[in-house]
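*Asks:* Sequence:
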Amino acid sequence: MNGCRKRSFIFTFLIIAFIFAFIFLTGIKHAQASTKKAYNFNLKVLNPTLSGYDNFSLKNFRGHVVVVNFWATWCPPCRAEIPMIKKFYNAERSNGVVVLGINVNNNLGGVRSFLKKFDGGITYPVVYATSRVISNYGGINEIPQTFFISKNGRIMFHWVGEITKGALYEITNKLLNKN
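Numbering follows UniProt numbering, with no gaps: position 116 of the sequence shown is 116.
Just so you know, the hints here were simulated from the structure itself, not pulled from any lab data. Check before you lean on any hint, since a few could be wrong.
[What the hints assert, rightly or not] Listed next, the in silico PhoX-like pairs over lysine-lysine satisfying Cα-Cα at most 25 angstroms (straight line):
#1 151 with 165
#2 86 with 165
#3 174 with 44
#4 44 with 59
#5 86 with 6
#6 87 with 117
#7 174 with 87
#8 37 with 174
#9 44 with 117
#10 86 with 117
#11 86 with 44
#12 165 with 117
#13 116 with 6
#14 165 with 6
#15 116 with 86
#16 36 with 117
#17 86 with 151
#18 87 with 151
#19 36 with 59
#20 174 with 59
#21 87 with 44
#22 87 with 6
#23 174 with 151
#24 37 with 59
#25 59 with 151
#26 86 with 59
#27 87 with 116
#28 37 with 151
[As the list claims (entries may be wrong)] If you anchor each label on the Cβ, the simulated ranges turn out as follows:
#29 106 with 161: 54 to 62 angstroms
#30 7 with 95: 55 to 63 angstroms
#31 80 with 106: 18 to 26 angstroms
#32 106 with 174: 31 to 39 angstroms
#33 84 with 109: 25 to 33 angstroms
#34 174 with 54: 15 to 23 angstroms
#35 139 with 52: 46 to 54 angstroms
#36 109 with 167: 26 to 34 angstroms
#37 110 with 7: 50 to 58 angstroms
#38 134 with 94: 26 to 34 angstroms
#39 109 with 7: 56 to 64 angstroms
Backbone N, C-alpha and C define an ideal beta-carbon position, used for all residues, glycine too.
I would like the entire structure built from these sequences, with the hints used as guidance.
*Replies:* If you want it as structure tokens, here you go:
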């Protein structure tokens, strides 16, 4: 009986340790702090009518918090986060927040078709990634990825995976100095 309790205790301990390790490791992967200078680019906007932009140059948004989201049309988590990011942008742009979607699709025509069909349209500017942009933002081997750029042009946070509404607001508010 004593040996049975000991094995049960060890098994329970290992399960709890595994759960804590999983939570800890996935949390680190999601939000990473950084202070690297953001790579500047000038790219043609794919949805100029809805977004109000023809071109997007990062240097034109100094003094603003910029949220850069790398995504693809074939990525289910990317498509799932678009409505939430759209609502966030519409609510926060009057506070000096800029959102940019950078698409990493293999086919530009597919991106344009997606933008036309997306429910209600995407109101924040969307550009098509160049290989130079992708390499300067770390290669973008997983999507979605979201970078939070401070008012002085530094990447302050990097989120890998589908971002949550809470994280989007919390990180942005820190950069806006609302806390």
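*Asks:* Hint by hint, say whether it matches the structure.
*Replies:* Comparing the hints with the structure gives:
1. In summary, the hint linking residue 151 to residue 165 is supported, as the alpha carbons are separated by about 21 angstroms, within the 25 angstroms threshold.
2. Only pairs whose Cα atoms come within 25 angstroms are accepted, and residue 86 paired with residue 165 is accepted, the gap being roughly 11 angstroms.
3. The hinted pair formed by residue 174 and residue 44 fails the criterion: a straight-line CA distance of about 30 angstroms is larger than 25 angstroms.
4. Distance hint between residue 44 and residue 59 is fulfilled; the C-alpha atoms sit about 14 angstroms from each other, no more than 25 angstroms.
5. Using a Cα cut-off of 25 angstroms, the hinted pair residue 86 and residue 6 is violated, with the two alpha carbons roughly 53 angstroms apart.
6. As the CA atoms of residue 87 and residue 117 are separated by approximately 18 angstroms, the hinted pair is consistent with the 25 angstroms bound.
7. Only pairs whose Cα atoms come within 25 angstroms are accepted, and residue 174 paired with residue 87 is accepted, the gap being roughly 19 angstroms.
8. This hinted pair checks out: residue 37 and residue 174 have alpha carbons roughly 18 angstroms apart, not beyond 25 angstroms.
9. Taken as a hint, the residue 44 and residue 117 pair is honoured in the structure, with Cα atoms around 20 angstroms apart against an allowance of 25 angstroms.
10. The suggested pairing of residue 86 with residue 117 holds, with an alpha-carbon distance near 15 angstroms, which does not exceed 25 angstroms.
11. Distance restraint check for residue 86 and residue 44: the Cα-Cα separation of roughly 20 angstroms lies within the 25 angstroms cut-off, and the hinted pair is therefore satisfied.
12. As the CA atoms of residue 165 and residue 117 are separated by approximately 24 angstroms, the hinted pair is consistent with the 25 angstroms bound.
13. With a C-alpha separation of about 62 angstroms, the suggested pair residue 116 and residue 6 falls outside the 25 angstroms cut-off, and the hint is violated.
14. The suggested pairing of residue 165 with residue 6 is violated, with an alpha-carbon distance near 43 angstroms, which exceeds 25 angstroms.
15. Taking the CA atoms of residue 116 and residue 86, the gap is near 15 angstroms; set against the 25 angstroms cutoff, the hint holds.
16. Simply put, residue 36 and residue 117 have alpha-carbon atoms about 36 angstroms apart, too far for the 25 angstroms limit, and the pair is violated.
17. Of the supplied pair hints, the one linking residue 86 and residue 151 holds, its CA atoms being roughly 21 angstroms apart against a limit of 25 angstroms.
18. With a C-alpha separation of about 21 angstroms, the suggested pair residue 87 and residue 151 falls inside the 25 angstroms cut-off, and the hint holds.
19. Restraint check: the Cα-Cα separation between residue 36 and residue 59 comes to about 15 angstroms, which is no more than 25 angstroms; the hinted pair holds.
20. The straight-line distance between the Cα atoms of residue 174 and residue 59 is roughly 21 angstroms, inside the 25 angstroms bound, and the hint therefore holds.
21. With a C-alpha separation of about 23 angstroms, the suggested pairing of residue 87 with residue 44 holds against the 25 angstroms cut-off.
22. At most 25 angstroms may separate the alpha-carbon atoms for a hinted pair to count; residue 87 and residue 6 exceed this at roughly 52 angstroms.
23. Restraint check for residue 174 and residue 151: satisfied, since their Cα atoms lie roughly 11 angstroms apart, inside the 25 angstroms limit.
24. Proximity of residue 37 to residue 59 is assessed by CA-CA distance (about 11 angstroms); at most 25 angstroms being required, the pair is judged to hold.
25. The straight-line distance between the Cα atoms of residue 59 and residue 151 is roughly 10 angstroms, inside the 25 angstroms bound, and the hint therefore holds.
26. Restraint check for residue 86 and residue 59: the C-alpha separation of about 22 angstroms stays at or below 25 angstroms, so the hint holds.
27. Restraint check for residue 87 and residue 116: the C-alpha separation of about 18 angstroms stays at or below 25 angstroms, so the hint holds.
28. About 11 angstroms separates the Cα atoms of residue 37 and residue 151, which keeps this hinted pair within 25 angstroms; it holds.
29. The beta-carbon spacing between residue 106 and residue 161, approximately 21 angstroms, falls outside the hinted interval of 54 to 62 angstroms.
30. For the pair residue 7 and residue 95, the beta carbons lie near 56 angstroms from each other, so the given range of 55 to 63 angstroms is met.
31. Separation of residue 80 from residue 106 is about 20 angstroms and conforms to the stated range, judged on CB atoms against 18 to 26 angstroms.
32. Distance hint check for residue 106 and residue 174: the Cβ-Cβ separation is about 35 angstroms, which falls inside the suggested range of 31 to 39 angstroms.
33. Between residue 84 and residue 109 the Cβ separation comes to about 26 angstroms, which falls inside the hinted range of 25 to 33 angstroms.
34. Checked against the hint of 15 to 23 angstroms, the pair residue 174 and residue 54 fails, with Cβ atoms roughly 31 angstroms apart.
35. For residue 139 and residue 52, the Cβ-Cβ distance of about 31 angstroms falls outside the hinted range of 46 to 54 angstroms, so the restraint is violated.
36. Taking the beta carbon of each, residue 109 and residue 167 are about 33 angstroms apart, inside 26 to 34 angstroms as hinted.
37. In this structure the hint that residue 110 and residue 7 lie 50 to 58 angstroms apart at CB holds, the actual value being about 55 angstroms.
38. For residue 134 and residue 94, the Cβ-Cβ distance of about 31 angstroms falls inside the hinted range of 26 to 34 angstroms, so the restraint holds.
39. At about 60 angstroms, the beta-carbon gap between residue 109 and residue 7 stays in the expected band of 56 to 64 angstroms.
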